[in-house]
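Chemist: I would like the entire structure built from these sequences, with the hints used as guidance.
First to last, the sequence lines map onto chains A and B.
Going left to right, the first sequence walks through residues 1 to 312 as full-length UniProt numbering numbers them.
Going left to right, the second sequence walks through residues 1 to 312 as full-length UniProt numbering numbers them.
Rather than coming from a laboratory, the hints here were simulated on the basis of the structure.
Think of the CB as a built atom: it goes at the ideal place given N, C-alpha and C, for glycine as much as any other residue.
Watch out, some of these pointers could steer you wrong.
One-sided excerpt, in silico: chain B residues whose CB lies under 8 Å from chain A [said to hold, decoys possible]:
| no. | residue |
| --- | --- |
| 1 | 179 |
| 2 | 205 |
| 3 | 215 |
| 4 | 218 |
| 5 | 233 |
| 6 | 237 |
| 7 | 238 |
| 8 | 254 |
| 9 | 257 |
| 10 | 264 |
| 11 | 271 |
| 12 | 286 |
| 13 | 295 |
Calculated Cβ distances over 10 Å to all of chain A for the following chain B residues [unchecked claim]:
| no. | residue |
| --- | --- |
| 14 | 6 |
| 15 | 26 |
| 16 | 46 |
| 17 | 99 |
| 18 | 118 |
| 19 | 182 |
| 20 | 272 |
| 21 | 274 |
| 22 | 285 |
Protein chains: 2
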Amino acid sequence: MTAFSFNKLVIFGVGLIGGSLARALRERQPEQAGQRGTVIGVGRSVSSVERARELGVIDSFAAIGDDAQLRDALAGADIVLLAAPVAQTQPLLTRIAPFLDDATIVTDAGSTKSDVVTAARAALGPRINQFVPGHPIAGRESSGVEAALPELYAGRNVVLCPLPENSPADVARIEAMWLATGAVVRQMSVEQHDRVLASVSHLPHVLSFALVEQILEAPDADLKFSFAAGGFRDFTRIAASSPEMWRDICVANRAALLEELDAYTAVLARLRAAIEAGDGAALEAAFARSRKARTEWQERGGKAAAGASPSK
Amino acid sequence: MTAFSFNKLVIFGVGLIGGSLARALRERQPEQAGQRGTVIGVGRSVSSVERARELGVIDSFAAIGDDAQLRDALAGADIVLLAAPVAQTQPLLTRIAPFLDDATIVTDAGSTKSDVVTAARAALGPRINQFVPGHPIAGRESSGVEAALPELYAGRNVVLCPLPENSPADVARIEAMWLATGAVVRQMSVEQHDRVLASVSHLPHVLSFALVEQILEAPDADLKFSFAAGGFRDFTRIAASSPEMWRDICVANRAALLEELDAYTAVLARLRAAIEAGDGAALEAAFARSRKARTEWQERGGKAAAGASPSK
Chain A
1 MTAFSFNKLV IFGVGLIGGS LARALRERQP EQAGQRGTVI GVGRSVSSVE RARELGVIDS
61 FAAIGDDAQL RDALAGADIV LLAAPVAQTQ PLLTRIAPFL DDATIVTDAG STKSDVVTAA
121 RAALGPRINQ FVPGHPIAGR ESSGVEAALP ELYAGRNVVL CPLPENSPAD VARIEAMWLA
181 TGAVVRQMSV EQHDRVLASV SHLPHVLSFA LVEQILEAPD ADLKFSFAAG GFRDFTRIAA
241 SSPEMWRDIC VANRAALLEE LDAYTAVLAR LRAAIEAGDG AALEAAFARS RKARTEWQER
301 GGKAAAGASP SK
Chain B
1 MTAFSFNKLV IFGVGLIGGS LARALRERQP EQAGQRGTVI GVGRSVSSVE RARELGVIDS
61 FAAIGDDAQL RDALAGADIV LLAAPVAQTQ PLLTRIAPFL DDATIVTDAG STKSDVVTAA
121 RAALGPRINQ FVPGHPIAGR ESSGVEAALP ELYAGRNVVL CPLPENSPAD VARIEAMWLA
181 TGAVVRQMSV EQHDRVLASV SHLPHVLSFA LVEQILEAPD ADLKFSFAAG GFRDFTRIAA
241 SSPEMWRDIC VANRAALLEE LDAYTAVLAR LRAAIEAGDG AALEAAFARS RKARTEWQER
301 GGKAAAGASP SK
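Modeler: Dropping the structure here:
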């Protein structure tokens, strides 16, 4: 890991994601890394950023609605991280734009990228070159600054989706920041990112929410819940995720998500036909394929198969 | 916990389920419980039961195909447990029937019950009163006797689905056996059992297998797997389950499973329409309901809501 130094980092939304970045840059740096940069939090509510300061996650905070505070916070900032819900990207960037120094790099942590880039172009206009889209893939069900961990990103993937307008130096700087958290940084296009995440993250969340919803609608829901065991527990763990965040993701990434959902529904219809026909051989073959792929994925430590690469 | 004593317990299929029962009855019993019963394993392959004997899980074993060995094993048995795949119920019981003492109680551990009862009626004929259908709800992905644990059933649900022909004394004896493993024993009808399990266990397995299958079919499958993270891991943990076992369950419980699958597909279609329409309010409301139910379930320790009962 390389040390990463900065003068001033401004984080909009100091919850799990923003708080963990601040803690990682603070707590994972070698003592001799020299100067310790200032971390400023900006939040919708004062209470959340106050709590972040109490916990020592940030040094000070600014109120988003106060021009003077916001100008002070952003003056001379090296990096601005947006770690608020993706739906707030455009209003946030519109609010930030007038106070943005030329040398400041803005990045984000949104789970979807097409919508974020559209919002950023609308809000930043000619300053779009200063915006490097990013996505640290490191969610937990728990949220809020109390759940922030210095090791949240260690060994996890962070995707950067550089824009044609970005300078290589700016992209390298954001990459260095994430590398200092222990993350693995990978680059791909905005479209590729959204398709991949729709498949392995957004779709499973929708499917998990849907199962709980379906049981809730059953006349014997209580009885069913009382016999739910380990399989149900793991399958529905992500159904305890933030409704607001997942509403935004579903709306923001709807095109890619609908494509994955339809492909999934087609597979499910095929399995349904095999169940109805009592076609044990077809079911066993499909289950065996899935088991093999899932087991191999686990054995690789959740990594790609040999030879796989984002450019593929 | 009450001590449970027996003279001879015969287990057909000494894997995770059968092996854990044997270990629980051995290792959880107080020293002063008196006489230690004999546990005999019967397996399709000699190697698996030999391994169980080496591990001390059973005292001796018999080959299913050897009449003399099977007669000896079953003579004077208090209890016979079938812990082999459900599809083997009828051939196994047909094989056992000629050697069955009048006082022996047969029970099973099958994940489905309608098909098991049909098979038992066909195989046992007038001896059906000796068969008490059961289902310990305590799967793990790992299987085989090496995975057997004395505490596998502690705090878990075991369902008994007594038949009209069963004597209350026989049902009480099987209940006492499971109580000695630390399990919570509950009774319900065969139909109720199959509907509940289709909903909270069988359907999630099919949905999980289907997700891995769908990703496998994608042209960028490797890339997708390489970005799969914690949500995917938990959602698909059960897709590493035994293809043979889940084939049998899907076929055996197809009526109840199709009903749950169709109800699920309807919920999914509703969520799809909301995603397509960009109806954030509908999505958030559904996700919030699911999150609330899932969180409350977790807080109850995975139990029913107050007032819920199997007779409901």
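Chemist: Flag every earlier hint the structure violates by its number, smallest first.
Modeler: Hints 1, 20, 21, 22 not satisfied by this model.
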